[in-house]
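Colleague: Sequence:
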Amino acid sequence: SVHKAPELMNGNTNSDPKANIYSVGDVIYQLAGHEYPIKVNSIPDLMKLMQLQTIKRPSSIQDNLLWDLLTHLLDFDPTKRFTAEQALQHPYFTNPQAQLEISAEAKQVAASALQAQLNGDTSITYYDINPSYTIVGNEIKTSFGYDPLIELQPIYQQIQLNQQQPIVQQIQYIPPPMNILPQQQPFNPHFIPVQPPLSQINREFVLPGEIIKIKKIGRGRFGTVSSYQEIRTQRIVAIKECDYDTDELRSMINREIEVMKEFIRIIRQSVHQSQFIHVVEPLGFFVNEDEEKAYLVMELCSEGDLRSYIKNMRKQGTEIGAKKCWEFVSSIITAVNQLHVNDIIHGDLKPENVLLTEDIKVKLADFGLSRKLQQGKEYMTHLGGTTFYLPPELLQIQSVQTDAEGRQLQKRQQTKAADIWAIGIMLYELLAQHHPFIGNDDESADLSELDVAHLIVTEEAPELPAHYPDSLRKIHLGAFQQKKSFPFLKQQLIWEDNEEANL
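The sequence shown begins at 4 in our numbering and counts up one residue at a time.
If you're looking for bench data, these hints aren't it; they were derived computationally from the structure. All residues carry an ideal CB built from backbone N, CA and C; glycine is no exception. There's no promise every hint is true.
[As the list claims (entries may be wrong)] Pair ranges (Cβ atoms, derived):
#	residue 1	residue 2	range
1	D66	T128	24 to 34 Å
2	A119	D71	27 to 37 Å
3	T249	P94	36 to 46 Å
4	K7	T97	23 to 33 Å
5	R271	I363	16 to 26 Å
6	G481	Q319	25 to 35 Å
7	A87	E322	48 to 58 Å
8	E322	E88	40 to 50 Å
[Unchecked claim] Pairs of lysine-lysine residues, derived as DSS-like cross-links and limited to a Cα-Cα distance of at most 30 Å, are as follows:
#	residue 1	residue 2
9	K314	K353
10	K218	K314
11	K353	K326
All chains should be built: construct the whole structure from the sequences, respecting the hints.
Modeller: Here is the structure:
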């Protein structure tokens, strides 16, 4: 009876989960303290002990976190006693030192469980894939002098006699998942620390090395983006892997991070803007100097990008309704307006960089070409972009300069109007399901970038399909008027409430 909860020893015969929790605490107390938490011979002695409202701390339990956990597990009052979930979230199990003490074997077992879950095994639970709660046979043998494999050997032999697959093989050999990143890959913070400025954006996000790649979700000119799951927290994030081997690439990636940080800081400090942030939030940044790779950890927008949304409509033979289209467009306009009022030009707007959250809200991504305008200036030097979404003024040479070596350099001035032109292109693609200056994907495959640039410069932008309302047609035509910038966006935002109500 010494293992029973006090309420059971006091005559209450109704066992419940809280009584079981007490028994767990009792066992842990004995393992750590080498004695029983309660030593009484009668109910009166028990009542006297319970009046003290706490158990005695043995000198052998030096760890303060362990003692705090035990006092909650062995609380005499069952209403104040921890639940199993509260116990598992206690700092004794979750503090950084505890994470460092997780064995490689436990991590491997948890990684294999997660891979099985991703492959469709519905029996896998959160505690199976979290190495914090995994104890392998070798750890039991080391800690308690007890080898479960030896004790269970008769059972294994019986199974073998029944010509079933030996369980011992499953326990002794767990093949590593093919796509788990090894401990010494770039996500080990031991030699690739999170850069301090990112902790000002969000909580410091450290990937301890135990993450599993789920799938590749995107590819750009400067890198690939894949989704990963961190085993310990089960959090799914997006990680952008980029080359980091030239000054130009390093500058571009660092600028992307700085623009994202600056934008989020401004929006969070503003009392006039919506609480929803229309930019994908960065969570961490790692550099692998040996492989000259950089890794930007970001929140995952689970519904993909606008390009995939358009492709799915075309594949299914459906089209977007006016109301839904307006929701998309107004969200994109709001997002770009948030940038422009803070003098930030995105510089590479296209469907691939418009991401959708789980509840189909818009977030902008890929700020590698973004820049904040210098005070008092309305333009910046054009750095590049995607030809299909550049306005005519950036596809024509505006001025030519000669460098110190006599080479001619083409100089183009990029304004906020370039972002607005790209909005017009995306609006047309969303409604007509193809680029306004190119008939279909087959046609675009036969065109060079020079051919596309020639079409954009020389051809008139086509109108939207006739069955769409005037409100969308006005936005489309307005976006294709050159030199439009903030006043145009402001006008669209004023229309937004009235027009959405009418659709």
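Colleague: Given the hint of 40 to 50 Å, check if E322 and E88 actually sit that far apart at their C-beta atoms.
Modeller: Since the Cβ atoms of E322 and E88 sit about 47 Å apart, the hinted range of 40 to 50 Å holds.
Colleague: Hint check: K353 vs K326, CA-CA at most 30 Å. Holds or violated?
Modeller: holds (21 Å)
Colleague: Taking the CB of R271 and the CB of I363, does the distance hold inside 16 to 26 Å?
Modeller: holds (23 Å)
Colleague: Range hint 27 to 37 Å: satisfied by the CB atoms of A119 and D71?
Modeller: holds (35 Å)
Colleague: Between the alpha carbons of K314 and K353, is the straight-line distance 30 Å or under?
Modeller: This hinted pair holds, its Cα atoms lying about 14 Å apart.
Colleague: Mind checking the hinted window 36 to 46 Å against the Cβ distance between T249 and P94?
Modeller: Given about 44 Å between the Cβ atoms, the range holds.
Colleague: Can you let me know if the beta-carbon spacing of D66 and T128 is within 24 to 34 Å?
Modeller: At 28 Å between Cβs, range holds.
Colleague: Taking the beta carbons of A87 and E322, is their distance inside 48 to 58 Å?
Modeller: holds (51 Å)
Colleague: Is the Cα-Cα distance between K218 and K314 30 Å or less?
Modeller: Roughly 19 Å separates the two Cα atoms, so the pair holds.
Colleague: Hint says 25 to 35 Å; check whether the CB-CB distance for G481 and Q319 agrees.
Modeller: Holds, at about 30 Å.
Colleague: Assuming the hint says 23 to 33 Å, is it satisfied by the Cβ distance from K7 to T97 or not?
Modeller: holds (29 Å)
Hint check: no violations occur; every hint is consistent with the structure.
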